[in-house]
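Enquirer: Okay, here's what each chain looks like letter by letter:
Protein chains: 2
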Amino acid sequence: MGKVHVSAFAISLDGFSAGPDQSLEHPLGVNGTDMMGWFFPTKTFIDQHGAGEGGETGVDNDFAMKSMTGNGAWILGRNMFGPIRGPWPDDEWKGWWGDEPPYHVPTFVLTHYAREPIVMKGGTTFYFVTDGIQSALEKAKAAAGDKDIRIGGGASTVRQYLKERLIDELHLALSPVFLGRGESIFAGLDLRELGYKVEKTVPGERATHLIIFKEN
Amino acid sequence: MGKVHVSAFAISLDGFSAGPDQSLEHPLGVNGTDMMGWFFPTKTFIDQHGAGEGGETGVDNDFAMKSMTGNGAWILGRNMFGPIRGPWPDDEWKGWWGDEPPYHVPTFVLTHYAREPIVMKGGTTFYFVTDGIQSALEKAKAAAGDKDIRIGGGASTVRQYLKERLIDELHLALSPVFLGRGESIFAGLDLRELGYKVEKTVPGERATHLIIFKEN
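Protein chains in written order, with the working numbering: chain A, 1 to 216; chain B, 1 to 216.
Derived by calculation from the structure, the hints in this document are not laboratory data.
Incorrect hints may have been included.
Identical chains share a label here; the pair holds if one copy fits it or two copies do between them.
To be verified - Okay, derived cross-link-like pairs now, DSS-like style, lysine-lysine, Cα gap no bigger than 30 Å in a straight line:
1. Lys43 <-> Lys200
2. Lys121 <-> Lys197
3. Lys121 <-> Lys163
4. Lys200 <-> Lys66
5. Lys197 <-> Lys94
6. Lys163 <-> Lys66
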């Protein structure tokens, strides 16, 4: 059976994984893209977004690439899927990623509002799960088979799964920036008591990579 | 004129710089010593505490050593000076560090309760300042002359000085551990808005060193 993991998850030095006031213009919240300074130049990101040739290889890229392999299903929070809050006004919004999202596998979106699945190009199907994080995880496990399940984010979703000790492994990419305000990944969460332990610190070109395991 | 700095200031990955429930047995709070895993093995620490020969050299030690040089005065919060809260019961308590503290210069202790200065061996004199952080800084500047002023900690003291933009430079030593609970250095402080910026990330043997400057 595959593992449940969070990978290439950017955090600022002050512990935020998104800036405040997410919107269509600011998918990661105001100033949130500052955390992604390590990711945007990588070959992985550039390939993934069809942004042309090139891109950097190295430690940061290795982590970015690894985060995209071996995943049989993804789970995303509603805010990671889009800026819309409350009931879906119509079927227009299909994620931030255009016709061909970078997932290529069944992707489960946590929401309080039911919606029909959306089949996208390249193998991604978005399924909308309204009965909680445990249910989404069961569905993702069934879809993933032997492969891994990646919890994509955002902060609130990751925190909910951490609180229930449902994540086996985390890879955080610490960016050397302050966001000052936004969504904290750590606040009010006692990861020590929950049994999480930092296994390894790996310096990258533009971020410090921290590998965290859940102890049994 | 010297700079006002915080150096070799240990923080956990979840942003704590002390564990909860500080006491005589736990000067850094419960589990707080986990953050010091990078510092205790250094030659600087071992020399400083007369703990015998040896100790490791390398990046972590270079930062530890640098933090101790060029300081003409120190400022410490009451909790960094000792575990006693409220009025001083007597003159017994003279800090955690024995007869010869590692400061060797005038050291100003923030407190709400007046007390006579204490002259220690090796050049350290503890002065007790009851009229606030600005006053302590002025006294420290007068004592330091052209040399630097180091704000030793703890978290609350550093946060108070940061909030007033009175710190020019910070060196944080990020330890790859979770404390889960304790005194957060970042919570509720918008360091971005205050004009602080991470200048450099330096991987050490057991900690990741972050150099932060105040922009003008």
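Enquirer: State for each hint whether it applies.
Expert: So, going through the hints one by one against the coordinates:
Taking the shortest alpha-carbon separations for Lys43 and Lys200, both the intra-copy value of 24 Å and the inter-copy value of 24 Å come in at or below 30 Å. Neither within a single protomer nor between protomers do Lys121 and Lys197 lie at most 30 Å apart by alpha-carbon distance, with minima of 38 Å and 41 Å respectively. In this assembly of identical chains, the alpha carbons of Lys121 and Lys163 never lie at most 30 Å apart, being 34 Å within a copy and 50 Å across copies at closest. With identical chains, the CA atoms of Lys200 and Lys66 are at most 30 Å apart both within one copy (16 Å) and between copies (26 Å).
When the C-alpha separation of Lys197 and Lys94 is checked against a cutoff of 30 Å, the pair qualifies neither within a copy, at 36 Å, nor between copies, at 36 Å. Taking the shortest alpha-carbon separations for Lys163 and Lys66, only the intra-copy value of 25 Å comes in at or below 30 Å, while the best inter-copy value is 40 Å.
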